[in-house]
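> Here is what each chain is made of, one letter per residue.
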Amino acid sequence: MGALFHDPILLAIVLGTNLPFLSMAVILLFTRSNPKLSSQISVGAILVSAVSAIYLLAKLHCASPLQYQTLWFSSDKLLIAFGYYLDPLSLLMLTIVGVIACLVQIYSLGYMAGDPGYSRYYAFQSLFAWAMLNMVIAGSMLQLFIYWEMVGLASYFLIGFYYEKWSASQAGKKAFVMNRVGDVGFFLGLIWLVIGFGNLGIPELNHAAATQGLPQHVLTVAALLIFCGVIGKSAQFPLLTWLPDAMEGPTPVSALLHSATMVAAGVYMFSRIFPFFSASPDAMAVALAIGTITMLLSGTMAMVTYDLKQVWAYSTVSQLGMMVMALAAGGYFAGVFHLTTHAGFKALLFLCSGIFIHEFHTNDMRIIGKKGGRRLKIPMACIAVGALALSGVFPFSGFFSKEAILGVLAAQPNKIWLAAALLGAVMTAYYSFRLIFHLLFPKDGIEEKQHEEHGHSSHGHEEDHHGYIFWAMAIPVMILAGVSLVLGFVEHPIEHFLIGHIVEAHPVAHGAEHGGGEWLMIMGVSAGLLGIAVAWFEFGRKGASRKGFLSYFPAVWKLFDRRWFLDIFYRKSLDTFVYGGLTSLFTKNDRRVIDGGIDGICFFTEGSGRLFSFLQSGMLQYNLLMMVLAAGVAVLYLLF
Amino acid sequence: MEMAGFPILTAILSTTILGLLIIIFIPPEKTKLIKQVSLASATVGLVLCIWLYYAYDHQKGGLQFVERILWVKSLGIYWFNGVDGINLPMMLLTSIVLFTAIWTMWELENRVKEFFALIFLLVAGVYGVFMSMDLFWIFVWYDVSLFPMYPLIAIWGGTRKEYGAMKLTLYLLAGSALILPAIIYLWVAGGAHTFDLFELQRIGFSAFDQKMTFIMLYLGFGILAAVWPFHTWSPVGHVAAPTAVSMIHAGVLMKLGAYGILRIGMTLCPAGAQYWSSLMALLACIGIVYGALVGLAQTDLKYVIGYSSVSHMGVVGLGLATMSVNGINGAVFQMFAHGVMTALFFSSVGYIYDRTHTKIIPELGGLSKTMPIASSFFIVAALAGIGVPLMASFWAELLVFIAAVKVFPVGGIAALVGLIISALFMLRVVQRTFYGEKNPKWEHIPDVSGFLAVPRVILMSIILFFGMFPKIMLDVIQSTVIPFVNRF
Amino acid sequence: MDTAGLDILNQAGFWAMVALTVAGASIAIFPRNILYNVLGLALCMTAIAAIYVFLGSLFIALMQFLIYVGAICIAIVFAIMLSRPLHLEMPPRPASKVAMATAAAVLFFVAIVGVVLKTDWTPSAARVADSSLWSVEAIGRALLTRYELVFEVISLVLLVAIIGAVITAGLSRRLSS
Amino acid sequence: MNSLSTYLIISALLFSMGLMGILQRRNLIGMLISVELLLNAANLNFMAFNRFLAPDPVIGQIIALFVMGLAAAEAAIGLSIILALYRKMHSINIERAQRLKG
Amino acid sequence: MTDFMLFLPELFFILGAIVFFIFSLRKKADPAAYHKWAVVIGAVGLLVTVAASRQGGMLFFDCYRVDLFSQVFKVLLALGTIWVIFSSGELKGIDPRQHAEYYFLIFVCTLAMMMLVSSVELLTIYVSIELSSYSLYLLVPMRRKADEFVETGIKYFMVGVTASGLMLFGISLLFGMAHTTYIPQLIQTLPGIISQPATIIGLILALSGFFFKLALFPFHIWAPDVYQGSANQVTTYIATASKMAAAAMIIRFTGLSAGASPGMIKLLIVLSILSMTFGNLVALIQKDIKRLLAYSSIAHAGYMLIGILALSDRGYASAIYYAAAYLVMNYSVFMVIMKLADDGHNLQIKELAGLHKRSPLLALTLMLGLFGLAGIPPTAGFMGKFLVFAAALEKGYLFLVIIGMINATISLYYYLIVIKAAYLLKPVNELPAVQVDFWTRCMCVVLVVMTIYLGVFPDQFVLLTEAAAKTLF
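Sequence order for the protein chains is A, B, C, D and E. Residues in the first sequence are numbered from 1 upward in steps of one, following the numbering used here. Residues in the second sequence are numbered from 1 upward in steps of one, following the numbering used here. Residues in the third sequence are numbered from 1 upward in steps of one, following the numbering used here. Residues in the fourth sequence are numbered from 1 upward in steps of one, following the numbering used here. Residues in the fifth sequence are numbered from 1 upward in steps of one, following the numbering used here.
Just so you know, these hints were derived from the structure itself, not from any lab. Treat the hints with care, since some could be wrong.
[Unchecked claim] Distance windows between CB atoms, simulated:
1) Lys59/A to Glu363/B: 42 to 48 Å
2) Arg571/A to Thr358/B: 25 to 31 Å
3) Gln188/E to Phe6/B: 55 to 61 Å
4) Glu363/B to Ser617/A: 49 to 55 Å
Model, not experiment: these values are computed from the prediction. Built from N, CA and C at the ideal position, the CB exists for glycine as well.
In isolation and in its complexed conformation, chain A is listed as follows (with noise of 0.2 Å):
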């Protein structure tokens, strides 16, 4: 207890990370009945963890990296320590996390204004900013993992937020499913390194990795196990469809969690144990190729939908197939800075979204067009940025960022990846600017009738409080459109605050960077300005069909709209396989066979009551018969 509060650093993590719980918990079970006072107190205390974390990343900027650790329990020869262990990547998350988190909370004091869930939302909401900072300072995997859980029950709460509609409760228990399925492997790839290794600590599992101190038939499947979570958290290929639903949830959710900070988790972690990862190349392989499948569909189904929040969604879970893309390529800094670039803009884009969603009360951005979204103009222009830095723009953020990941790909032998990332960059400048310019030119013009009677009614709902929600939720997005403006200029310095000590450990994370040359920038820039130009021609000109080519494709169209036919595959199986193969013949088991035989033993038993009862007959001498029988039998048995 002492040591707490001697140590600057270890008071900073400790209130930093934890204050949020308390938060959480002085809501649920005082506050409830005062939204205000909730939304104050989780503020607080994102705000203490925010400023925190800055002051962390300030003070330990340079220094080595710093480890804390106490022995939660131990049972047998396993230890399992409880610990901080804070290292550039992690501050860096730390930072990210705090600020956006704090950022959103702000927004949602806005948005979430007048719900009847509100403290309970900023529960949630502060239970989440906890879990996520631990698990972002976490010192063992199976720390990690423990918050990597509670950041899963977390999005399971907010994204069922609005339980009473069928659909969110449904979304929320289909995300909690299959992460769950890729936690599993998570686990068992834990047991594994459990059983082989012995050991759980982050640093210590780099080590070894590097160090060769694993036997590889315990590392690859290590490692391939735990990247099962990485595909669960982060939405990749086979357990991709979760992450558009979680869009049942408030925008400010959608935000922060599924697409800033928690779906980066996965990402998150993949760098994490980066070296060991890389120690494995089969795992490497095998994570490069589902980055890749899972970008690439994503896209597709971000081109065809009109729903805002499942473009950002869709394009959230292609960007997280970028960085997986980029980190299994070997491109660990071009990983980090995708995750770190891609939270910022990510985050805008959904606030703005969030914005438009909250004054016209719907989802379609056709609709949100018609109605005028391009009035709201700090947000309209707060998109734009966002998809500019979305897009690859010059520059944007996501330039940088997006050059750096193709970067290493480029430095990969086989050239099909950087096609690949090369198509996908293509197709999100494309339906970003798809999104924009649906905003900004609608099909018809804006109905202006409409918009009067419209604007009228909004008017005084904007007299009334328009000025405090309407800021407490543009702060928070020119905040963001400032740092996607600005981020990308430090590159330079993040990379050093990042590689600088990895980079005698593992030489390939840092050689990759410059693999690329000028003419990579070009194909990376034009790429995107090719989507957008595609994008103008076909909704952003005048005269322009506003269909978007793929529609002369239905069977595509289709195709991509359904998501690929994934969802319907796993609710047929599940459907199939479990609920109407196993569940119901375990049921028929249990209740035919199993219980069928237990009480099939009573009747039984209770039948040969019955038989037996015959043996006392009335007549007397039928009895006598039985009983000297029996007497004569046993007679005989003796004598012989």
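Chain A is fixed; fit chains B, C, D and E onto it per the hints.
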């Protein structure tokens, strides 16, 4: 005669018996007084158990607070009580569940006196089994704890109560039909005419004796531990039982089975346990997956919990089957965690059932709107059931699976898959019961009052407490388990 | 007569008595007329009494005759008269019942004969050929020493039987009052 | 003639006939008569053992004597029960007394 | 004088018999007074028996042995008798004009059984058992208004005399083989000649008479009918006191073989299994409580035999313990039945409905009694079963013990049905509360305490039974 100071274990036991006696002499009309007396004596028990837990020296380990008096000379029966790391958590669990169960039943109006008297009798048996170190007494208490179940379910129960009560009682006592011969067999085979567990352990048995008695004990106790395929009494019984009985039953009684296997079977017949361990693991793994899958198809809340218990007790069984420190640590921890968790489950379902008079999932729905607090208790329990970290059961499952994957890789992995299903089915229940549109039928129902929330909050905080500080429990458990396993 | 002749006579008498016994027993159980049965029983008892003579105890033979023929058979006759069973309808006997009864009886007979033949019957080592032991005095002495208790108890038995018979048969004085 | 087995076999015969009577006679008095045969068979055994094996011939005789006494008492009780039954049931056919069963 | 003292309990019961014999001669019957007299005599008789329980010695030219074994059983007999007499206050099942005879026969029967357990001579044993049987033959048909049950008496009688015929035949064979009627001498000679068929068969046939008394399969056939058909008090007497003597004699006779005959042990095992299984299975479907208890008694005979056939001191001791426990528990149940059916009718299970409200104390007594019979701890019945099984397992009869336990489970079903009726069923018509007088309350408490005490603190009783078993041979 060995007596170490104040006989605290006997004192704990006598809180229940005293409670029982006092209740018998209170006129049945004074229900309030009866409840107060019950709660008071349960509180005393709880306090003593907590003190016991605190006072147990886990550095030293081994058997502490020993009370040993020769009871029946010619048979070598001893009044021999003691606690070690295995039964100490169980004692604590019992006192917690008893305390909360009594509090939960505060609104009972029908035949109050008999109800609490029988509850105390039941719990006396449970305490007895856990604290006793003499085979004879273990068996006696075991049976004592079983037979009050019949009236408790048949009088105060719900769905198909008489069938459930009869089935449960007969089923469980059929289990004891194997246990008693096995116990006496050990007594005979020991040759020293003693039922003292540790004497017998010192004597040791031949491989054949061990194999035979172990399987008898395993099947006998396994029935109570709801080992697949002997589990069908458990859902039926839970559905039929009133809330407090379900709590005690699923929370504590089922543990008696696993505890019996560990305490008698594995202590006295290590070679037998080794011999049968693959069978144990197989049945346990089937139970884990099977329980979750069948639970998926249930429409009655209590059936769901009943099947989840089957699944979770499978984890205990799997832990025991590994015969390793981690596995047994995990198993004991899981017993505790599952006990608290199901108590919370049944406690929250009990409130819902008391108010809505239904526990059929399709008839409920949207309860979160009308009774958010009551719902949140259930949801927390469900999360614990899923094995969400920082809830006590997570650690238990972690340890068990570490051991299981090591010893029985295939079974362990298969059982892990069961975790996915268990998540699916818990969330499905939560979604259908608590989420969705508000059901106008239940609109007028008040939420849990602060008074009635207390026991549930206690259970919830215990789950979280031991989820965050597993060391407090694991240190105690393994102080005994490590020497225990070293004997194999 | 010489001893051989006496012996033959003895033999013949013995077998005649055996035959009478069996015949009496058969009459006692087979005919459906209950009076024949009683007479058969009396005959059988008498023949057994004679066999007891062959076994060396005239006293017991006498007692047999007295008690069975003189008391039991007479009592049965009285009972027959009281219950008038002669007028009862007699449906045919179920053949299966007779067959099973016969089977059981034969089984028992076989079993006991088996026992008799398979057992090695050895006389007591302490056996003394003292004819005084066969005297009635010896019986009387034993009755008052070794069997004193039995001797006293049997009186109680008879008392119980009398009281019981009286009340059961409904002849109690109080019942009529 | 003077062999033990002869007597024993006669007694076995008597015993079996008694059993047979008990098992197949419907007339209660007939059954009672058969019971007397049983007792006599045992008595014959005692007398035979007495004659051939026993150290002291008094024992067998006395047993036989007492058995006779008991048989008389038994007959009295049996007959009285039969009479009582007759008065209530108006029959002494055992096959009519089948109310109690199962 | 010491002889007199040794015979004192028996003398006391003779006195009782004489008193009631005199009463029976009086013109006017006074049942209430008879009951008081009987209670006093019975109670004093119990005290005398208890006082004489530590005595030992031989009487009547070594025909009669007074030792701990016999005295323990005498105490049990006296206890059973006084209990039955105690419950005879409302003897509605028997014509008031016959009450004097009823008590007379009860006393005689007890006396006969007391003599039975002390006799060590075959003829004495035979005469005693006949005396007790005759008393019972006469008690059974005493039932009034028994049109339904008229056949009971004759059935009992016929089975009884057949069994006694078999027994006598067996005794004759034993006499033929061993040349003696003294049990101590038999004990010495029998092991030498046990291989001869006549010995072992004689023993088995001799045992059949006692099996009949104990209602062991296949000699059980009278039990259901007699339990159902005789007056409640008489049934109680048959079910409690008379079982004690039978158990004692089976112990004595089975012990004669001294374990030298595997065939006989196998036979006894088979009988015990059949008895348990048959009794329990058929009891499952009974509706009349007394009939149900009859089948349960058949099953209990099987359990008791498990202990006996272990043929060890522990086995005999366990059987004695079992018998004592059985006495207490069975009487508990019967007392409740007698109290509830105070007009002397046969109680059906469904008539128990609502008992817990009509009289909680009686319901509790009934429940504990039934749980005791089912062998659930911490009742005396459990301890009895435990001891019996322990003794059998010591001899390695694991299979037998498992069957016994399975049977105990089956039996629980029908006991639970009765308990369910008492505690759960709602009566069709609301019945008034049962009037339980002070003495009955006391008796209930005594029975409950005994049932529990014997189960929880068995030590001294076990030691006593073991000491008693040691004096057997």
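> Are the hints correct? Go through all of them and say.
Comparing the hints with the structure gives:
1. Lys59/A to Glu363/B: 42 to 48 Å: violated, 58 Å
2. Arg571/A to Thr358/B: 25 to 31 Å: The hinted range 25 to 31 Å holds for Arg571/A and Thr358/B, with Cβ atoms some 29 Å apart.
3. Gln188/E to Phe6/B: 55 to 61 Å: holds, 57 Å
4. Glu363/B to Ser617/A: 49 to 55 Å: Check passed, 52 Å falls within 49 to 55 Å.
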